[in-house]
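There are 2 protein chains.
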Amino acid sequence: MKLAVLGVGLVGGSIGLAARKRVAAQVVGFDPDPPTLRTALELGALDAAAGSVAEAVAGADLAFCAAPVSALPALVTESLGASGERTGVSDVGSTKQGLADAVSDLEQGSRFIGGHPLAGAETSGVAGSRADLFEGARWFLTPTERSSGIVFDRLHSFIADLGAKPQAIDPAEHDRAMATISHLPHVIANVVAAHAAETLAAADRRPELGRSFRDATRVAGSNPGIWGDIYAANGAVLAEEVRSVIEKLQAVVGPLRAGDRESLEAWQADAAGYRQSLLDADRPGGALSELRLAVENRPGVVAEIALALGRAGVNIEEMSLDPSTDERTGAISLWIAGEPEAARASAIIEGLGHSVTILSGGG
Amino acid sequence: MKLAVLGVGLVGGSIGLAARKRVAAQVVGFDPDPPTLRTALELGALDAAAGSVAEAVAGADLAFCAAPVSALPALVTESLGASGERTGVSDVGSTKQGLADAVSDLEQGSRFIGGHPLAGAETSGVAGSRADLFEGARWFLTPTERSSGIVFDRLHSFIADLGAKPQAIDPAEHDRAMATISHLPHVIANVVAAHAAETLAAADRRPELGRSFRDATRVAGSNPGIWGDIYAANGAVLAEEVRSVIEKLQAVVGPLRAGDRESLEAWQADAAGYRQSLLDADRPGGALSELRLAVENRPGVVAEIALALGRAGVNIEEMSLDPSTDERTGAISLWIAGEPEAARASAIIEGLGHSVTILSGGG
Numbered sequence: 006m007k008l009a010v011l012g013v014g015l016v017g018g019s020i021g022l023a024a025r026k027r028v029a030a031q032v033v034g035f036d037p038d039p040p041t042l043r044t045a046l047e048l049g050a051l052d053a054a055a056g057s058v059a060e061a062v063a064g065a066d067l068a069f070c071a072a073p074v075s076a077l078p079a080l081v082t083e084s085l086g087a088s089g090e091r092t093g094v095s096d097v098g099s100t101k102q103g104l105a106d107a108v109s110d111l112e113q114g115s116r117f118i119g120g121h122p123l124a125g126a127e128t129s130g131v132a133g134s135r136a137d138l139f140e141g142a143r144w145f146l147t148p149t150e151r152s153s154g155i156v157f158d159r160l161h162s163f164i165a166d167l168g169a170k171p172q173a174i175d176p177a178e179h180d181r182a183m184a185t186i187s188h189l190p191h192v193i194a195n196v197v198a199a200h201a202a203e204t205l206a207a208a209d210r211r212p213e214l215g216r217s218f219r220d221a222t223r224v225a226g227s228n229p230g231i232w233g234d235i236y237a238a239n240g241a242v243l244a245e246e247v248r249s250v251i252e253k254l255q256a257v258v259g260p261l262r263a264g265d266r267e268s269l270e271a272w273q274a275d276a277a278g279y280r281q282s283l284l285d286a287d288r289p290g291g292a293l294s295e296l297r298l299a300v301e302n303r304p305g306v307v308a309e310i311a312l313a314l315g316r317a318g319v320n321i322e323e324m325s326l327d328p329s330t331d332e333r334t335g336a337i338s339l340w341i342a343g344e345p346e347a348a349r350a351s352a353i354i355e356g357l358g359h360s361v362t363i364l365s366g367g368g
Numbered sequence: 006m007k008l009a010v011l012g013v014g015l016v017g018g019s020i021g022l023a024a025r026k027r028v029a030a031q032v033v034g035f036d037p038d039p040p041t042l043r044t045a046l047e048l049g050a051l052d053a054a055a056g057s058v059a060e061a062v063a064g065a066d067l068a069f070c071a072a073p074v075s076a077l078p079a080l081v082t083e084s085l086g087a088s089g090e091r092t093g094v095s096d097v098g099s100t101k102q103g104l105a106d107a108v109s110d111l112e113q114g115s116r117f118i119g120g121h122p123l124a125g126a127e128t129s130g131v132a133g134s135r136a137d138l139f140e141g142a143r144w145f146l147t148p149t150e151r152s153s154g155i156v157f158d159r160l161h162s163f164i165a166d167l168g169a170k171p172q173a174i175d176p177a178e179h180d181r182a183m184a185t186i187s188h189l190p191h192v193i194a195n196v197v198a199a200h201a202a203e204t205l206a207a208a209d210r211r212p213e214l215g216r217s218f219r220d221a222t223r224v225a226g227s228n229p230g231i232w233g234d235i236y237a238a239n240g241a242v243l244a245e246e247v248r249s250v251i252e253k254l255q256a257v258v259g260p261l262r263a264g265d266r267e268s269l270e271a272w273q274a275d276a277a278g279y280r281q282s283l284l285d286a287d288r289p290g291g292a293l294s295e296l297r298l299a300v301e302n303r304p305g306v307v308a309e310i311a312l313a314l315g316r317a318g319v320n321i322e323e324m325s326l327d328p329s330t331d332e333r334t335g336a337i338s339l340w341i342a343g344e345p346e347a348a349r350a351s352a353i354i355e356g357l358g359h360s361v362t363i364l365s366g367g368g
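Line order of the protein sequences matches chains A and B.
Numbering-wise (this note's numbering), the first sequence opens with residue 6 and increments by one.
Numbering-wise (this note's numbering), the second sequence opens with residue 6 and increments by one.
Some clues are possibly wrong.
Note that the list lumps identical chains together, so a pair holds whenever it fits in one copy or between two copies.
Said to hold, decoys possible - No more than 20 Å apart at the CA atoms, straight line, and that leaves these computed lysine to aspartate or glutamate pairs for DMTMM-like:
#1 K26 to D137
#2 K253 to E203
#3 K7 to D158
#4 K170 to E213
#5 K7 to E295
#6 K26 to E203
#7 K7 to E83
#8 K26 to E295
#9 K7 to E322
If you are wondering where the hints come from, they were derived from the structure by calculation, not from laboratory data.
Starting from the given sequences, assemble the full structure and let the hints guide the process.
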C-alpha cells in the first residue's frame, strides 16, 4: 500500500509511523515546513519526503490531509486535483461539515471521505508522534451519498489496521455532537478561568484551587491556534450550544437568589441522573458477529448502510468490502459486537433491500 | 484537652480520630442518629458517646459543630448556650457568612469562630473517617472583631496539630472565593451535563465522552443533600457569579456566529493566560507543566511511574488517568512544578520505555 501524508505534525506523523509499522505501507510525506518534514523522516514516520503535494500523492492508495482545519479545504482540493482516480483522499480535522461543503462541488469529490480521529487533538508537533496514538481510539468517517464505496472500504480497513475504531457518521451530526462533547467544554473552561482570574485578583486571600476548579478549567486556553480554528469552523453550531447553556444558567439564578434549598437539591439530583445516563451510554460490549451481504457496487451503497446503522446506534467494529471481478457487485462483511446488536443490524440492512447472512463468532 | 464533636459523619469522625491520635485529646461525641454515634465509637473516633449536645460540650475546650450547613445556626446556638464560658465553639460548614450573621447577636458569640476545612466535602458517612483526612489541607477560620483571641489561638493551634493549614479569612470573602472556586464549577458541571443529556439523547450516534467532557462534568450532581444546602446558603453570591459567567458566554456568541477566527484565537490565548495566572498563584515554587503519556492499561503501570519519580525526588502535583474506551490503553497526565523538574520527570519516564509529551502552561 502506498500512502501520502500531507502535513506531518503529531497526527500526520503518527499515521506515518503506524502505517509503516502495522501495515508495512510505503509512506510519502509532504509538509510546507522543511524542518518538520526532515524531523518526520528522521523519526521514521516517512519512507520519503516529497517536494510538493503533487509529488506526495502520485500513485497513492490513500492520501491523508493533516493540516489545521482552516487550511483543509484548499489542501483537500489540491490533493484531489493532483492525484489519480485510484487515490482516496481523507483528512483528520475536528469539524466536518464545512469541509464536506467545500468539496461537494468538486468533480473528484467522490474520492474524498472526511475523517476525524479522537486522538492527539490537544498536542501538536511531529516530535510527539507515536505508532500507537490511535490504538483503541474512535475514528469518525463522514461518507456522503456521492462517496465511492471502494474508497470507503479501503479507508475503513486501513484505519482499523492502525488499531483505531472507524465509524461512519453524518458530517452535521458529527459537528453537533463534537460541539456538545468537546468544543462546548472548552468554551466553558475558558469562561470559568477568565471569571475566576478577575474575581480572585480582587481578593486579598483566596483558597487554593481545588479539584473541582482544576477539572473545570483544565482545558482552558489549550492550543489557541488549533482551537481558534475549531471554534470558527463550528461556530454556528457552537453558538447555539452556548445559547442553550446560557438559558440553563439563567434558570438557576432565581432559585439561587431565593435560597430555595428544596428546588436546588432537586436540581442537583437531576444533574446526577443526567451524568449517569451519559456515562451508561458509553459502555460497549459483546462478542463479534459477522454480517455478510452482497450489494450492487455503486457509489453510496456502503455509505448508505453505514449511515443507517449509525443512525440506529449500531457500531461497526470492523468491515470489509470485496468487489467482484466485474466490479458490478461486492460482498460486504460487517462485524458487530453483541448478538442482539447484530440481529438489529441485520434487520436494518434488510430493510434497505439487501439480503444478510449472520455468521456468529466471526472476527 | 477535652473536645466535643457534634455530628460524627466523615468530617466529625475524622476530627475525633485525628484529635485522639495526634493530640491525645479526650473526645466526646454526639449525633442525633444513634447508629452513627455507635459506629463512631467503634471506629475509635470517640472516647465517649454523649446523650445530648449539652452532655457533650460540658467542660470542653473546643466544640466542633459538624452538621449540614442548614442545621448549623441552630446547632451552634445550642452549643454556645449549653457550654461554659471557657469553651470555644467552631464549625466545619462550606459557607460562612450566613452562620456568622446568625451568631452575631448572641451574647456568647465571642466564643464562636467559624471554620471550613477543605477536605472530605464530597463524601459523607462516618465509615470513611480517617485520622489523616486533614493532613496538609487548608482549614479556613473566620474570626470577627468580636472573636475571643484566646479561642482563636486555641483553635488555630489545634487545627495545626491535626496536620492542617489554618488560615484566617473574612466570612464574606471566604464565601465569594468559594463560590468562584468550588460552588460555581459545580453549577456549571450540572448545566453542561443537563445540556449534553438533552442534545445527545436526540442524536442518532454520538462520540464517546472524551476527557474534556468528563473533566467538565465530573462533579455534576454530586451529593444533592449537601450541595442543595451549600447552593442555598451561598445563593446570593453564587447568583452574581452565574450572572458574570452568563455575560462572558454572551460575549463569545457573536464571534462564534461570525466564525471570527482571529478574535476566537485571541480569546483562547487570553484564557491560557488566565489559567496560568491562577495556577502560578497556587505554586510559588514554579509554574506547572503537564506531562502526557499513553500507557498500556495494566495493573501496576501507574505505580511504577509514581515510584520511579518518587525515588528521584520529583513531586507529582496532580495526576489524572483517562482510560481509552476499550480500556486497553490509558492516557496519563502528570503535573510537575518547575520546568527543570518537568524535564527531569520526562527523562525518568522515558527511561521506563514510555513516550512523553510536555505541555507547558498546565495543559
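Going down the list of hints, with the structure as the test:
{"no.": "1", "hint": "K26 to D137", "result": "within (10 Å within a copy, 49 Å between copies)"}
{"no.": "2", "hint": "K253 to E203", "result": "between (23 Å within a copy, 12 Å between copies)"}
{"no.": "3", "hint": "K7 to D158", "result": "within (16 Å within a copy, 76 Å between copies)"}
{"no.": "4", "hint": "K170 to E213", "result": "between (40 Å within a copy, 11 Å between copies)"}
{"no.": "5", "hint": "K7 to E295", "result": "neither (28 Å within a copy, 36 Å between copies)"}
{"no.": "6", "hint": "K26 to E203", "result": "neither (50 Å within a copy, 42 Å between copies)"}
{"no.": "7", "hint": "K7 to E83", "result": "within (18 Å within a copy, 81 Å between copies)"}
{"no.": "8", "hint": "K26 to E295", "result": "neither (27 Å within a copy, 28 Å between copies)"}
{"no.": "9", "hint": "K7 to E322", "result": "neither (24 Å within a copy, 45 Å between copies)"}
Against the hints set out earlier in the document, violations occur for numbers 5, 6, 8, 9.
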